[in-house]
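Student: Residues per chain are reported as follows:
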Amino acid sequence: MNSVVVGITLRQLLSRRRILLLFLLGVVMVLVALALRLGLDDVYWDLYTSRLLDNFGLATLMPLVALLFGTSTIGSELDEGTAVYILAKPISRSSILFAKLLVAIACSVAVTCIPMAFAGLVAGGDAALVIGFTVAGAFGSVVYCALFVFLSLVTGRALVIGLGYVLIWEGVLAGLFAGSRTFSVRQYSLSVADAVAEASAEVLEAPLPLTTALVMAGVVTVVATVLAWRRLSRVEIAGETA
Amino acid sequence: MTAPEPIAPRESATGAIYDLGYRSYDGPRLGRSAAVVTLFWHSLRSAFAWGKSGKAKIVPWGLSAIALAPAAVATAISALVPPGMGAATPFTYDNYMSEITVPIALFVAAQAPELVSSDQRNRVLSLYFSHALDRSDYALAKLAAMVLATFIIGFAPMLVLFVGSILVAADVPAAFGDQLEHLPQVLLAPLIYAVPASALALAIAAWTPRRAYATGAIIAVFMVTAAVSGILEEATGGRLADLAPLINPFNAADGTRDLLVGDPNPQSSVANSDLDLWVFGLETLVISGVAAGAILFRYRRVSA
Amino acid sequence: MTTVHGEAEHPADATATVALDGTSRWYGNVVAVNEVSFRLDGGITGLLGPNGAGKSTILHMIAGFLAPSSGTVTVGGHPARGHPEMYRHIGLVPEREAVYPFLTGLQFVTAMARLQGMAPAEAAAAAERAIGLVELTSAQGRPIGTYSKGMRQRAKVAAALVHEPRILLLDEPFNGMDPRQRLHMMDLLRRMAAEGRTILFSSHILEEVERIAEQVLVIVAGRLAASGHFREIRRLMTDRPHTFTIRSSDDRALAAGLVGDPTIGSLAVGDGLLTVGTNDFGAFSPSVAGVARRGGISIHELLPTDESLESVFSYLVRR
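Chains as they are written, first to last, in this note's numbering: chain E, 8 to 249; chain V, 17 to 320; chain C, 9 to 327.
Note that these hints are calculated values from the structure, not bench results.
Yeah, the Cβ is synthetic: ideal placement off N, Cα and C, and Gly gets one too.
Be a bit skeptical, because a hint or two may be false.
[Stated by the list, open to error] Reference listing, derived: stretches of chain V covered by chain E, where coverage requires no fewer than 3 residues with Cβ under 8 Å from a Cβ of chain E:
| # | region |
| --- | --- |
| 1 | 81–92 |
| 2 | 115–122 |
| 3 | 228–236 |
[Stated by the list, open to error] Residues of chain E placed beyond 10 Å of chain C at every Cβ, according to the derived structure:
| # | residue |
| --- | --- |
| 4 | Val12 |
| 5 | Arg25 |
| 6 | Leu94 |
| 7 | Ala145 |
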């Protein structure tokens, strides 16, 4: 039963145009990595691999991809009107949510981590560093997806609001107010990267302690998923006219 | 014998039956220019969700508030702190627009699709094109409206800084004289950012009837260009580092502003690059021109 | 609470019962459905009303997709909302056009069967059967994105009946179908109703409802304006005169005779036709027969002119 929802959702999320554009994004990242590799002395490779995978990978690619897949896995069906076909079935709301979430996470992780790993290697960074960031990319994708799926069940403008969160809260405010880092998915991912990469402080230093990051990420993911399940169980779908 | 005079009618109450059927319009028909102007104002209102539900207003007005907040806070601080304590705020005329590139980017990403993607989605283009309005008129009216809307987002805080600095000063007329030299920047800087951002956003949004795709694509362009130019600028040296800032359209706007009206911000990417400012000015022109051309091309070709 | 019984051949199955009791639904200040109560136990019922009357809202409440603001909506005795298991017995054809354009008709209906809990082989067979019922077999291998509107509607109906539900809810099902497809669909619905199912469909097209609905529920501005068989509803509309047309061997003489009869409310002599209005339906026919016999006039034809659903409906809408 689940597998049918998974199949339909996968086909919905991965249209040809989308795959092409996302591939292009990955190519851009790898090209930049190449430019770094060619333009820098190998002393700097670790440092700039870290910069690349942080600013381009975790701060740009990961949230954008998670927003795309997270907000549209359920959101686009609710918007289009095809959600009734999945919901008017004797399937528990939790298995529907789980299937949708799984697809969003799988797509996000694939589209984020593969280019990141590739670009990291091309940029010449140390293996542990690349692995650290790649794991962080997967970790962050999971949390983001849970968050954005919940958001898409709450509002029709989930994409813009999610963008506002990523760009304004995580981007601008987290730089200004240290306390807000506790509520930033990007910071959680950075802490995971730091823990796995075991890199020196100039190369990678995550301000948030690992335990805090893991706990907060866990809390956010679980709470978002539970709330999303509740919203899905009570979802209201009206007809076009009355 | 003469015919008898007809009896003069008595003064009586009058009655009439009115024709309530369909009337055709015989009045003056305002031509093409009126149609363009109407579309312009209508689009401008759409950009701020005027006439739509409260929920629709949240995004544009929320972003306007975010763009305005630092100016308001800075003015409030300088008003409350006694003069002479020299509370220097991080927000000045010179760097304000650079600081609010995020709300501006979000605004155009969120609202440009409202202006152009919705019409395609709802298939009303044929209604527009069957009137006095030309396809190019439609495109240009939408562009003008988006530029003005984005200009307003940037102008409001600059105006607050301007008026605020005057009003909090001890000697208002003298302060007015002092601040007057900044007026060109207050008026032009928002425009310098509004034009390329709006043109780019509309160019992307015009290609798809789905608003969510458009928003995602626009923001992706802004975010990726910022990330790429940032990295390359920082990491490389020589020619590449000089050229890297060109990748980000907001850097081009920074440079154009430095060229025309403001003082360069010493830490900005523009200052670090060895390129002459006119290069950035040219880039802004090129971006705006190519984007506008793309919009016109799209509307020439789209099937209504 | 009005009870509308269908002419089911099988005894009313508890799981085929749909019941609304004092159900209302409002959005802020706008009342979409206003204290509607009815009970369906099989047969075909038409939900009739102008656009915006609340028909879709009622259907979606029965399908568990909208919560009633007050009152209850039960299906098979259980509340409509919060019980996904009940969807085993419900087939819904929503009004919105959108279906998965990338799936072929067969893939779509098979997927719906699988989601209903059927094993893959069983689902494929059921899907083929359902597609055959709606006459979509020739196009079943094409993506739904290439279908015409009528074909899409039929695909939606096939998806709704693939699991042989006891209750079928159809929101404007004949939208986009050509006359032949409509007739075929009506036949299909009649057959399904004869098997004991409860079918509720909404429409604002009177001819459709008139043709297959055994019972109607007339919704006007959110309220249930009338329910039952439309001819019975017409009989109940006593504050509105029935009109008949009469053709006889001598219209004028007949008219002269009728004019003095107290049961006659209005009389119009037309071109070979006598139009008569009466408030007392029961006493009218003996009166006419008596007048005709006394005058030696033969009556060739006596027809009611406004017992169509259209006249009933326009009366109810205008009240």
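Student: Work down the list of hints and note, for each, if the structure agrees.
Tutor: Hints versus structure:
1. For a cut-off of 8 Å, the count of residues in the region 81–92 of chain V with a CB near a CB of chain E stands at 1, and the three-residue condition is violated.
2. Figure legend: the region 115–122 of chain V, annotated as covered by chain E; annotation consistent (4 residues with Cβ-Cβ distances under 8 Å, at least 3 required).
3. For the region 228–236 of chain V, the proposed coverage by chain E is satisfied: 6 residues have a C-beta within less than 8 Å of a C-beta in that chain, meeting the threshold of three.
4. Not every beta carbon of chain C lies more than 10 Å from that of Val12 (chain E), the smallest distance being close to 7 Å; the non-interface claim is violated.
5. Every Cβ of chain C is farther than 10 Å from the Cβ of Arg25 (chain E); the closest lies at roughly 13 Å, confirming the non-interface assignment.
6. Its closest Cβ contact with chain C, about 7 Å, brings Leu94 (chain E) to no more than 10 Å, contrary to its assignment away from the interface.
7. Non-interface call for Ala145 (chain E) relative to chain C: holds, since the shortest CB-CB distance, roughly 28 Å, exceeds 10 Å.
The structure does not agree with the numbered hints 1, 4 and 6 stated previously, though it agrees with the rest.
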